[in-house]
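Participant: So the protein lines, in turn, are chains A and B.
All you need for this note's numbering is the position in the first sequence, starting with 1, plus 34.
All you need for this note's numbering is the position in the second sequence, starting with 1, plus 569.
Hints should not be assumed to be uniformly reliable.
Stated by the list, open to error - What the simulated footprint calls covered on chain B by chain A, stretch by stretch (three residues with Cβ under 8 Å from a Cβ of chain A suffice, anywhere in the stretch; the number is not a length):
1) 575 to 585
2) 604 to 611
3) 632 to 640
4) 648 to 656
5) 720 to 731
Keep in mind that the hints were calculated from the coordinates and are not lab data.
These numbers were taken from a predicted model, which means no experiment stands behind them.
For each residue, glycine too, the CB sits at the ideal point set by N, CA and C.
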Amino acid sequence: MFVVTPAYAQSNPTEGTNSETVAPGGETHGGGAFPPFDSSTYASQLLWLAITFGLFYLFMSRVIVPRIGGILEHRRDRIAQDLDEANRLKEEADAAIAAYEQELAEARKKASAIAETAREKAKAAAEAERTKTEAELNAKMMDAEKSILAIKDKALAEVDTIAEETATDVVKHLLGGSVTKAEVAAAIRAASGK
Amino acid sequence: MANDPIHQFQITRLVPIEIGGLDLSFTNSSLFMVATVAAAAGFLFLTTANRGLIPSRLQSVSEMSYEFVAAMLRDGAGSQGMRFFPMVFSLFMFVLVANLIGMFPYFFTITSHLIVTFALAMLVVGTVVVYGFWKHGLHFLNLFVPSGVPGILMPLVVMIEVISFLSRPISLSVRLFANMLAGHITLKVFAGFVVSLGSMGALGIGGAILPLAMTVALTGLEFLVAFLQAYVFAVLTCMYLNDALHPGH
């Protein structure tokens with residue numbers, strides 16, 4: 035059917051060993067039959083399939099399946115455990131945050147209380163100071179008023195003397211005569227309506 | 570002979586053994602069965618040897634194949650089906666690795682022989698029948714009597730159900746066998762075109778590009794088929810096992 039050079043031909047890799055181990059003529063089963071339907075090979079195939087697959091099944095069910103199953107289960111457990119741990123830590127963190135918040139609120143309350151007291155105290159002190167100062171000022175004012183009155187009285191008292199002297203001088207200049215001090219004083223007293 | 574697309578399915582004796590007139594020789598097929606089992610078991614064993622909590626890449630491959638089959642079985646047969654997990658997992662890995670090993674040039678594809686796939690299919694159906702009768706007794710026969718069917722149609726429906734049940738091992742085995750056989754023959758034929766065109770001088774080498782591209786594409790397709798057929802085999806196994814677990818539809 036095809037033109038093929040021997041170099042390209044696919045040869046069975048086992049042919050080399052084959053010729054050594056197999057008697058001449060026994061190279062292939064059944065000669066020209068289509069190999070998959072060559073029933074003379076069935077017994078051998080079935081036997082070796084049973085042996086190899088049987089061993090394979092045993093190995094799988096005894097070793098591989100438990101091992102991989104164990105690996106996967108271990109991993110699943112580990113992940114679940116880690117998730118639990120993470121949850122626990124998160125709860126702890128939440129609790130810590132709540133405690134912190136509470137403490138913070140308390141501290142704020144305390145701080146505002148302290149500030150309030152300080153303010154009250156300062157206010158009271160200021161009030162006291164103010165009262166004291168006012169009292170002092172009042173006292174001073176009273177003193178001042180008193181001294182003003184005294185000065186006024188004194189001044190008024192002196193007014194009479196000055197009036198007497200002035201009147202005496204005026205009378206002396208105008209009338210050329212002299213008047214007694216007692217007359218002038220009486221006249222002034224009359225003038226001022228006293 | 571050398572370019573015969575059927576030649577690759579030839580079984581040759583490596584160690585002739587004959588017991589009681591039966592030819593039980595260790596053949597190239599047996600050799601590749603051993604290779605398949607050794608490769609699959611070795612891979613699964615070595616990659617999971619560390620039992621890493623954080624898997625290495627290869628350990629992930631093993632775990633993924635495990636979880637892939639586990640999910641398949643759980644979906645197909647429910648959580649009760651998990652008792653068959655080692656069997657389904659073994660079947661899947663065996664067929665998959667056998668198909669993949671068959672993709673190497675010059676390698677023998679053990680699943681391209683009907684008797685092998687038929688034996689695997691009979692293992693599945695045999696498990697279904699034995700477990701079904703052991704677990705449910707004669708109630709297992711309810712499998713063939715769907716509920717809600719009018720009495721007059723019942724004989725017909727039961728007949729159809731029985732035939733469909735009996736054809737299961739055949740369809741299960743022929744599907745895998747025919748896919749592998751046809752795929753490898755097609756590959757060989759197109760690769761043969763490359764060779765025969767290539768030997769026809771410069772023009773032929775130019776013309777050989779087309780079948781070569783086809784061979785490359787088919788190789789990719791065959792890898793897909795190798796996986797897909799292993800998957801289909803395992804999925805159908807799960808569905809049949811579901812019948813053994815819950816025969817009452």
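Participant: Each of the hints needs a verdict: does it hold here or not?
Facilitator: Hint check results:
Coverage of the region 575 to 585 of chain B by chain A holds. Counting CB-CB distances below 8 Å, 11 residues qualify, and the rule asks for three or more. Given a C-beta distance limit of less than 8 Å, the hint that chain A covers the region 604 to 611 of chain B holds, as 4 residues qualify and 3 suffice. Against chain A, the region 632 to 640 of chain B contributes 3 residues with a C-beta closer than 8 Å to a partner C-beta. That satisfies the three-residue criterion, and the hint holds. Check on the region 648 to 656 of chain B: 3 of its residues sit with their Cβ under 8 Å from a Cβ of chain A, so the three-residue criterion for coverage holds.
Only residues whose C-beta sits within less than 8 Å of a C-beta in chain A count toward coverage, and the region 720 to 731 of chain B has 0 of them, not enough to reach three; the restraint is violated.
In this structure, the one hint that does not hold is number 5.
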